[in-house]
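Student: Below are the chains, spelled out letter by letter.
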Amino acid sequence: MAKKNAAVLTGSARRSWKTELKRDWVVYMLFVPIIVYEIIFHFLPMFGIVMAFQDYNVADGYFGSPWVGLKHFATLFGGEDFPQAIRNTVAIGLLKATIGFIAPIIFALMLSLIENKKFKRFCQTLSYMPNFVAAVIVCSLFTQFLAKDGPLTMLLTNIFGLTNQNWFANDQIPVFWLIYLFMGIWQSIGWGSIMYVAAISQISGDLHEAAAIDGATRMQRMFKITLPNILPMIMMMFVINIGTAFVAGYDNILLLYMPSTYSVSDTVFTYTYRQAFGGGSSNYSLSAASGLFQSVVGTVLLLLSNALSRKTGSSLF
Amino acid sequence: MAKNRKKEEWENNMVETKTTADIIVNIIVYVLVALVALCSVIPMWHVLMSSFSDGKTLLAHKGLVFWPVGQANAEGYRLIFRNNSILQGYFNTIVYTISFTFFGFMLSAVTGYALSRDTKLKKPMTMALMLTMLFSGGMVPGYMVLRSLGMVGTIWALVLPGCTNSMFCIMMMNAFNAIPKEMYEASHIDGAGHLTTLFEITLPQAMNMGSVIILNLVISQWNSWMQASIYVPNKKALWPLQLVIRQLTSENANFLNSSNPDYSRYLIQFAVIIAAIAPIIIMFPFFQDKMEKGMIQGGVKG
Chain D
1 MAKKNAAVLT
11 GSARRSWKTE
21 LKRDWVVYML
31 FVPIIVYEII
41 FHFLPMFGIV
51 MAFQDYNVAD
61 GYFGSPWVGL
71 KHFATLFGGE
81 DFPQAIRNTV
91 AIGLLKATIG
101 FIAPIIFALM
111 LSLIENKKFK
121 RFCQTLSYMP
131 NFVAAVIVCS
141 LFTQFLAKDG
151 PLTMLLTNIF
161 GLTNQNWFAN
171 DQIPVFWLIY
181 LFMGIWQSIG
191 WGSIMYVAAI
201 SQISGDLHEA
211 AAIDGATRMQ
221 RMFKITLPNI
231 LPMIMMMFVI
241 NIGTAFVAGY
251 DNILLLYMPS
261 TYSVSDTVFT
271 YTYRQAFGGG
281 SSNYSLSAAS
291 GLFQSVVGTV
301 LLLLSNALSR
311 KTGSSLF
Chain H
1 MAKNRKKEEW
11 ENNMVETKTT
21 ADIIVNIIVY
31 VLVALVALCS
41 VIPMWHVLMS
51 SFSDGKTLLA
61 HKGLVFWPVG
71 QANAEGYRLI
81 FRNNSILQGY
91 FNTIVYTISF
101 TFFGFMLSAV
111 TGYALSRDTK
121 LKKPMTMALM
131 LTMLFSGGMV
141 PGYMVLRSLG
151 MVGTIWALVL
161 PGCTNSMFCI
171 MMMNAFNAIP
181 KEMYEASHID
191 GAGHLTTLFE
201 ITLPQAMNMG
211 SVIILNLVIS
221 QWNSWMQASI
231 YVPNKKALWP
241 LQLVIRQLTS
251 ENANFLNSSN
261 PDYSRYLIQF
271 AVIIAAIAPI
281 IIMFPFFQDK
291 MEKGMIQGGV
301 KG
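Taken in order, these protein sequences are the chains called D and H. If you read the first sequence in the numbering used here, its first letter stands for residue 1, the second for the next number, and so on. If you read the second sequence in the numbering used here, its first letter stands for residue 1, the second for the next number, and so on.
These aren't lab readings, by the way, just hints derived from the structure by calculation. Yeah, the Cβ is synthetic: ideal placement off N, Cα and C, and Gly gets one too. Since no wrong hints were added, every one of them can be taken at face value.
Just so you have them, the derived chain H footprint on chain D, three or more residues with Cβ under 8 Å:
#1 189-198
#2 215-222
#3 289-297
Here are the in silico distance ranges between beta carbons for each label pair:
#4 D:V300 / H:Q288: 35 to 41 Å
#5 H:L134 / D:L231: 23 to 29 Å
#6 H:F66 / D:N164: 19 to 25 Å
#7 H:T154 / D:N164: 44 to 50 Å
#8 D:T125 / H:M183: 32 to 38 Å
Let the sequences and hints guide you as you build the complete structure.
Tutor: In structure tokens form, the structure reads like this:
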């Protein structure tokens, strides 16, 4: 049995540490930078989470600050602001994971129906642009466009008869959520469609040919051939989306919201940021507690989505 | 690839009988796709044209600006060169982008190479990298570590955190793994050490993936603002361009409501946005293909 195991082991696993270090010490040295980097920027902060259970103050550090147990979590969930932030995060996350997720797929399918290759390529290139424009600029553009008398506001007023107002100051329920959703779609519809366009171009032409000979129209072929063929890709992307839905993509809100609309625009991410770096007095421990909650939910979602993707046969790791 | 060519040939040669419904669907699809493309550029066009407009007329103008309103001029751009904080911000952004990209790329390449070799650290390091993808300490604990290292308020807090990540390291590892084994053996036999093999022999061959990572690093640092708002909020001399723009536009929002606004300040906001976007838009046609390929490869790998 032992002999069999030894035969299975190959390369580095078979050699002892001593011979390994002697033989490949240069490669081991190459690991040093990333180990230092990971420790400083990833692993030390993980231990730093203990501050969520302390009344942390900078002068006393981790070892001198008093332990307070779950006090900060009690503050978070006992107050009004944090549950509201959770609700907004869930609402925006759900909108993004559904409507925001489908938009690039529809765009890719529409592109696949276009026969003129030059026109298709041109439109695709233009649609990539917003993805590369800085968040600060995108947000300032949207603020201008949706301000009172702004171009988009005028459009909404003239076509749909909505009141001429500063839409970002509106704290009615779906307004901010929809604006943020629309902004996300505007930024990512072109770039997000790349994967699907690539997957569609991989579909064998024979399938389409056979179907066309049998009299299937373009639309029928799209629903019966193209869509089923890219379904695995759609499933995979959906799972990734769900996994990061709670954590990623809320930073632009910092550039858009204002105190009078916190009730609809505050999210767990922005709450975490504001408690520590939002100006005024910093409550580092409260921020760390809120950040820990966000991380834990994010990890759970990622693990769940990975388990889900194993079932569908395309696991992430 | 052969299949693709066949598909294209077939699409070109086939005479398809189109029903009226097909034609209507076609028209709708063309219009919708064109609309998406148009919507993607209109805001930028609006800013570009506004930047050449006359400040006073522009402020009174409502709706989109398709062509410079008032007397067309380049006053906004002239003002940029007289504004020290914008010039300083532009300079800072360039310095940050270069250093961030340099550190990030070197770290990813070196780590990727080390991971691609057969060592005892390969498995534990991959696990550690996966772990950092799964869970993060969060904003404040990270801030506290940098603070205790004395990095807060310095350039290091802006160019080191986030310069590489597990994805980049693993992408580089795959690139090194894809190079034929014989290449490594040959360079070993010729007496090249690991460093020579890495930098002179294999890295040039892994640059397809490498350039994708470089582009990602350049764009993310060029556009970043939050890191600076956390680590150098009070040191204006260290602000990157994006933070300067943020302050300029948010100040202007209040400022323009005053009874006697300064129109040139309104203009400068458009000019500086163009100045910030221009390098990326100009570079875009050159890197588009590479970014697309990288995106597809990265996605296929998961």
